[in-house]
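Asks: Read in order, the letters of the sequence shown correspond to residues 0 to 163 in numbering that gives the first Met the number 0.
Simulated from the structure, these hints should not be mistaken for laboratory data. The reader is advised that the hints may include incorrect statements.
[Unchecked claim] Now the in silico label distances, taken between C-beta atoms and shown as ranges: (1) Q153 with S13: 28 to 36 Å; (2) S58 with R127: 17 to 25 Å; (3) R127 with H91: 33 to 41 Å.
[What the hints assert, rightly or not] Straight-line distance between alpha carbons at most 35 Å, and here's what the computed DSBU-like set of lysine-lysine pairs gives: (4) K115 with K129; (5) K103 with K92; (6) K49 with K92; (7) K49 with K115.
Where a beta carbon is used, it is the ideal one built from N, C-alpha and C, also for glycine.
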Amino acid sequence: MNNITPLPNQIIDSEHLYSDAINIILANAQRELLIFDQDLSRGDFASVRKFDLMQQFLSQNITSQLTIILQQTAFFTEKCPRLFSLLNTYGHKMSVHVTNQSVKHAKDCFILADGKHYIKRMHIDQARFKFALNDAASASLLNTRFKELKEAIQDVVLVTQLGL
0 MNNITPLPNQ
10 IIDSEHLYSD
20 AINIILANAQ
30 RELLIFDQDL
40 SRGDFASVRK
50 FDLMQQFLSQ
60 NITSQLTIIL
70 QQTAFFTEKC
80 PRLFSLLNTY
90 GHKMSVHVTN
100 QSVKHAKDCF
110 ILADGKHYIK
120 RMHIDQARFK
130 FALNDAASAS
140 LLNTRFKELK
150 EAIQDVVLVT
160 QLGL
């Protein structure tokens, strides 16, 4: 992992460092992870490392909760089989939702951990992001944004198909 100094509002411009910074946020999460992303195609979410970090998060604390809100699910369901499999094992602690049309215009993405650690990508098409550890003030704004996004949920991703 690259040596990244987690300073509040530090702007970094690198896809590789973006993935490394996500690892730092995931590794520091203890009880709650909130993820908003277009489709998880950036940030190396299909990697074994992301799977290991999320599995560790879900298994280390009986009350841990992981909530993911996506605009599109194809990448998650087709290219992230390890993460998708976590729904089967940790469905009681993990949920993946799809937004409705009202927020499809949102082009940023972020991860919020325990209401104090965060990473925020400015625009999905650019590698510019900022992140911080122990910055509850900035994280509070993202928490408010996540609550607004939850109001725009259209559907939930399920491990099994329902029907006849």
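Asks: Each hint should be assessed against the structure and marked as holding or not.
Replies: The hints, checked one at a time:
no., hint, verdict
1, Q153 with S13: 28 to 36 Å, "holds (33 Å)"
2, S58 with R127: 17 to 25 Å, "violated (33 Å)"
3, R127 with H91: 33 to 41 Å, "holds (36 Å)"
4, K115 with K129, "holds (14 Å)"
5, K103 with K92, "holds (26 Å)"
6, K49 with K92, "holds (17 Å)"
7, K49 with K115, "holds (20 Å)"
Checked against the numbered hints listed earlier, the structure breaks hint 2 alone; every other hint is satisfied.
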